[in-house]
Structure formats: structure tokens, C-alpha cells
Amino acid sequence: MAGGLRNTVVAPQPYVFSVGSEVKISSPIKLEFLASFHYTASTGTCFSFGQSAGWSNGYDVHIKNIYGNGGSFPTTVNTSGTTAIVIRNMTFSKFRVDCIQNFTNRALFCDGTGLSGYQQVIQHNHFILGQIVNNGIGITMLSLDAENSSCQVCRWDIQNVYQNYHNIQVDEPGRRASTSHTFYINSMDNQHGVGIDLYGMWNKFWVGFAGADETGTITTTLRVNASAEMNTIEFGNNAETSISISYGGKNNRIITAPPSTAYLPASGIGITSGVNNQNTYGVPITVYGYVVANASSHFQIFCGPQLSSMPVIYDMSIAGNSLFPFMLRVPAGGYYKVFTVSGTVAYSTVSYQDAS
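Quick note on UniProt numbering: the sequence shown kicks off at 1 and runs consecutively.
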């Protein structure tokens, strides 16, 4: 490696540098690493940025290729294993890596936990990432809170994050302060665990294509955990054959492309009193059906985005024999149910229409 312009370090092609211990970069600098870096250890970190308190403004980093000794298609995360890059302090910076592969713990870890003994601020950065493949977790960001240490308000341009056990992790149980990020992801697939594991708030994801794993198995593409609120996630393809969503949290907006006519409209769907029915089509649906109630009957129909707080949409007490048609709009991931409070009530089969 050589120094070029002031505060610039250059590693030219076509060299490959072997790294056996952590390379610590504490001050903002321009790095133009067009060579490849092979991390040879079985534990620890290859590169770390921001080792001291205070905002570290103005990194300009370009690393061509970093690779470890992990294998293809990882089936677990080795938390005692290897990590390519850890960022503890970085603000108003540009950070580009063309390829990170074969690290058994994480490819890129934005550590805003505050556990390093000083304020850790990772904010207002532009990350440009090419291929992130065959790692335990592709990208992890963890935050303490907005006032002290956090990873927030960054833009992420990602070409392809795939074949990691988990592709992207935004916070973890007990944390949700990784907020206000914007992700543009061209492609994300082949995870054996979770594609996007979301605990934080106010983040936006656009995913051009999300796919199954190499065997065609659809694992969890998106897991929205209970702490996640007011996030927007949009997929360019539909939920028919390659997307599986675990819905949770509150006030999140999740959008997929509309399903084909082989999936919607759908008809002849049986419903039972007291049984929750979830909309798993990836788009809002309209539910059409009717109720046949005998004299002195009482029934309710519930509908809403959260299972734990579905409001009553219809609450009907019938004095004489009646047929009552109903129509519901159920959001993507939302629920509805019918419930007989008293008397004799029969429910028709229902049909679904795309309501997007």
C-alpha cells in the first residue's frame, strides 16, 4: 500500500493482501483500496473504523474486495467468528465496498450500541455496496438511542445481498433506535434464515427482486418484529412463489406486486366463527360474503391490521330470520374473523378480490 494525495491511502490492483489481525482506522481518511484483502484468521475483525469519541466526519472509502475463510450457503451465524468491517463512528461519509464474502459472523456491522466506552455515532452516510454473499449476516446495525449512540439516517445502495444466513438485520430484541434509513436493493435472495429482520422504526426499503433459496425453498423474506413501527417495505415481485412475510409491529406499510389471476380473485373459501383469517397475498384484499342468522341471534365481524387489536366492524342483533351480506377491506398482513355471540348463525364461503 502507498500514500498518494494527503490523507489518502492507495492499494492498487491486482495485488492480494493477507490480513491476520484487525486493521484499525481511527481518523477520517480517503482510502482507495482496489486490491483484494484476504482475512486469514478464524475470529475477529478485518477492518474497523472510528475508534474514539466524537463525530468522525468525512471518510471517503472504496474497498474492492474483502473475503474470509467461510464456506458457501452458511446455515448459521457464528457469533465468535469473523467480521469483515465494523463501524463505530462515522458521519457525513461515503463508504463503498464492491464485494464482501465468506465471513462467518457478519460482513458489515454498524455498531451504535455504545458498548465501546464512548459515544458511537453512525449517521448521515452514503453506503454503496456491490455483492454481499456467503456471510453469517450480511448487514447488521444496532443502536442504543438517538441521544447517545446510534446508527441512523443513512442511504444504502445495494446491488445484491444474497446467500447469507440472514441478509439484513436492523436492531435486535430490546433495541429499535436504528431509524430513518433508506435502502435501495436490486436483488435479495437465497437466505437460509431471514432476508430482512426488522426491529427499528421509520425505515424505508425498496427491493427489486426477492427470491427463494437455491433449492427453491421460500424462507422468511421479511420479518417485522413487534417493536417495528412506521416502516415502509416495497417488493418489485409478488408473494406467490418467492416471498414469505412474517407480519408484526404497528403502522408498517408493506407492498408487493399484485399476484396473478391464478391466486386472485379467489372464491369458495370457508370461514368459521372465532377463527382468525390472515391476508397473506401481499396486497390489500376485499372480502365478500354473507351471514344467515335465525331469530334472536347476535354476531360480530372483526377486521384490522393487528391480530391483538382487531376492531368490531359489524355488530348485529337479529330479531327475525335474516340474510346479511358483508364486504371487508383487509390490509396486506391484516386479519378478519366472524364470531357468533349467541343464537344460530351460518356463514357463507367468501371470495377475495385484489383491492390494491
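Worth flagging that the hints you see were computed from the coordinates, not collected in a lab.
Bear in mind the structure is a predicted one, so any value in this text is a computation, not a measurement.
A portion of the hints provided could be inaccurate.
[Stated by the list, open to error] Below, simulated DSS-like cross-link-like pairs (lysine-lysine); rule was C-alpha separation at most 27 Å, straight line:
1. 24 x 64
2. 250 x 337
3. 24 x 94
4. 64 x 94
5. 94 x 30
6. 250 x 204
7. 204 x 94
8. 30 x 64
[What the hints assert, rightly or not] Distance ranges between label pairs, derived from CB positions:
9. 173 x 62: 30 to 38 Å
10. 124 x 78: 28 to 36 Å
11. 346 x 230: 35 to 43 Å
For every residue, glycine included, the Cβ atom is placed at its ideal position computed from N, Cα and C.
Here's how the hints hold up against the structure:
1. 24 x 64: Answer holds: residue 24 to residue 64 is near 18 Å, not above 27 Å.
2. 250 x 337: Answer holds: residue 250 to residue 337 is near 19 Å, not above 27 Å.
3. 24 x 94: Given that 27 Å is the threshold and the Cα spacing comes to 18 Å, the pair holds.
4. 64 x 94: holds, 14 Å
5. 94 x 30: Holds. Residue 94 to residue 30 sits at ~10 Å (cutoff 27 Å).
6. 250 x 204: The given pair, whose Cα atoms are some 15 Å apart, holds under the 27 Å limit.
7. 204 x 94: Holds, at roughly 20 Å.
8. 30 x 64: Roughly 14 Å separates the two Cα atoms, so the pair holds.
9. 173 x 62: 30 to 38 Å: Holds - the Cβ-Cβ distance for residue 173 and residue 62, about 35 Å, lies within 30 to 38 Å.
10. 124 x 78: 28 to 36 Å: holds, 32 Å
11. 346 x 230: 35 to 43 Å: holds, 40 Å
The earlier numbered hints are all upheld by this structure, with none contradicted.
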